[in-house]
Amino acid sequence: MCLAVPAKLVELRADAAVADLHGNRVEVNTMLTPEVKVGDWVLIHAGFAIQQLDCRTVEDTFAVLEDLRQRTEGGGHDPAKR
Amino acid sequence: MTRRSVEVREFLMRLEWAAAKLERDVAFMEVCGTHTVNAFRCGLHSLMPPNVTLLSGPGCPVCVTAQGDVDQMIHLAGRPGVTLCTYGDMLRVTGSHSSLELERTRGADIRVIYSAMDAVKLAADEPRREVVLAAVGFETTAPATAIAVLEAHRRGLKNFSALVTHKLVLPAMRALLDGVPVKLDGFLCPGHVSVIIGAEVYRPIVEKYGKPCVIVGFEDLQLAAGLCRLVELALDGTPRLENLYPQAVSPRGNARALEVLERVFEPVEARWRGLAAIPASGLGLRAKWSQYDAARKFGLEAVDAPEPPGCRCGEVITGQCTPHDCTLFGTACTPVRPIGPCMVSSEGTCQAWFKYKRARTAKHEYVKT
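The listed protein sequences correspond, in order, to chains A and B. Positions in the first sequence are counted from 1; adding 15 to them yields this note's numbering. Positions in the second sequence are counted from 1; adding 43 to them yields this note's numbering.
Chain B extracted, bound-state conformation (with noise of 0.2 angstroms):
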């Protein structure tokens, strides 16, 4: 046994023995769909005692972009003279109608990009297309978006724009606590979003709704630690803040990946799958970068459309309700014909569940109020 296994062997025990003081049942919720995969692929979830419960958030950003905004990106994909850029995980998302995938096999130029400059170098070289980066993301993929918009305004192209659904982590975290009828005892910060962001915006979480949060990495050990002090804090009746994750995520966060994105992007209403509208909750592009606003540019209104039938992600992304839960799951949606977002992306709560969790257990059920 390795000295690291031994460190989470520790820290689960501790999580053991503060869970059986608890005598009574608590659940924690994680904002990052890499928690949610990584959570599963280290067994954390079958090491957890009867009265913990991890629920997965709204923190996969594929999971979260609502039906309508998925077909606005799927409508300009298949304009005439557009080439659409994007990020692998949205290629086989379902809109109402179609995807970006099967637009693609209909002849729509869409393009897989590793990064937002990509997209920018694009419209550079093929100044005849109208190059759309599909701006999707937290606050850990926004700061690109932005320095692509600057980088474009820089060279003076007239052939880039950004189709911006960026959200904030922090608006949905406070939606859930006053909206959604989820019992939480705390949450599992994300990592990454924390680095841009800082551990400090979690600050209100812990003292103004009295809930613990705890930022973490996405190893073992980390996410074994922060399920601990939730726990042993759960336990303590103290909430607190606590930075597991110092080496990357700092008190105030990455200060020029901020002031970019102050620069670019104003924080507007945005809708979310699973929480409808929230004021505040996206960004979009400041009136002096409108010209790069792809909405603006190619005139698209902003529609709400269904969810595919029966798909209950919305639900499963807020922690109401598990895949077990939806008809769907395993049966008609799968990850190699997916219906919704969450069996679509490697990081959705769905195809975690299937890959790791398909079978029916006696805990599959999660803590309601």
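Here chain A stands alone, though its shape is the one from the complex (with noise of 0.2 angstroms):
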């Protein structure tokens, strides 16, 4: 239930912002965030910006989210390509 996501702001109005989350746009209370920006990364749990997130830790999880993706997509369960 603590589950939270990473997600990219894209627009930010008075305490709500709109953020991409891997190409789905959600909207984001960030009154528990004051201080973010367009373009910050933040964590986002139950519709609520819980924490800015420093980019290069986002950015590594989503080069493990990618390379899991394309492992799936293109080997299957090949033990090979694991």
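If you're looking for bench data, these hints aren't it; they were derived computationally from the structure. Built from N, CA and C at the ideal position, the CB exists for glycine as well. Keep in mind that the hints are not guaranteed to be accurate.
[What the hints assert, rightly or not] Stretches of chain A that chain B covers, calculated by requiring three or more beta carbons in the stretch to come under 8 angstroms of a beta carbon on chain B:
#, stretch
1, 16-27
2, 37-48
3, 53-65
[As the list claims (entries may be wrong)] In silico BS3-like cross-links for lysine-lysine, where the CA-CA straight-line distance does not exceed 27 angstroms:
#, chain 1, residue 1, chain 2, residue 2
4, A, K23, B, K164
5, B, K226, B, K251
6, B, K226, B, K340
7, B, K201, B, K331
8, A, K52, B, K164
9, B, K64, B, K226
[What the hints assert, rightly or not] Listed below are several chain B residues computed to face chain A (Cβ distance under 10 angstroms; list not exhaustive):
#, residue
10, S89
11, G102
12, D161
From the two separate chains plus the hints, produce the assembled complex.
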């Protein structure tokens, strides 16, 4: 339940924002992270940005996810490709 | 092999080396539902040396919610004029006589929400309905409830209230160490709860109880690194607090979230499945906000209700037994027809075992004192 996902802020209004979540646009409440700016990466939990993230960390995470995706699409369960 | 898998392997090799040097059994506990599931998903349990066990603690909010509190939610949802807003996790949890899902099929107005603010918007849109937010969850989720209450107040909404059963992680960890007959050698501390409360709050667990605490995120690398450090700290015999998730967790947490929590809530005694009532282990609305307290508004009394007959969820989430020790596990109780909350929730220990460790193996017994 404490699941949170990283997303990039693309639009900022008073106490509300729009974040790009891997291609999806989601509305995010930024009252818990009042200092964020457009372009920042945040951790989203239940519609709230709960923390600003270091962008290098996020890029690392997405690199792993992309790697997994390519392996799944390209090789299925071939152990040689793991 | 990717750079990352090499790193994971390096941590596991270090862990194995330290475990071999230890020459005794050690057991560590995670207190986060997402850790429970991800540790299984990435196969960590099967990679542990024979003398290292990772236990699942009371970290899934749905699972720790006492049966009496589940009954209250279900009762309230059945009241005429009430719209109950809940996070999806609670929908299928069975109370003493029903579940929210069952009540919905009987006509109760139950909405699954993504954010607590959805409940506030609903209250504004439907002024004739009494909109109640089923406020379940740990410190990660509680600030959203606090902001929802403040927002309802700002908008002057009289038809919004929250049935608050928020829980605090630290009192549960202390209760485990004080009163549960399970041998623990350290904690893998929850990543996102720690984003809010900060790393330093675990220091008393390290200093008073002498148990190492390592804060980690949710990926294989983080989990492997965390377990590796716990085994190494056990070998060194020097309990320490280590934060391996500093990109998200700061020493003092999210100041704004803590300020909002302090403003709206106060610590109250809370009932936990498996741990009974623990003083100051939950959050209740301060007197100033009591008009938004659904329990008060609807005159709900706190009741203790027994767990479903035969269900051992309470012992499972305190590390006292494994799902395999429960006779209902995988027979009468399955993810399709769950009896206990640990089988309902996708982060529940029983559901994780059902998915990843259904077969009994030699190493399914937990270490007991």
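Need the list of violated hint numbers for this structure, in ascending order.
Failing hints, ascending: 6 and 10.
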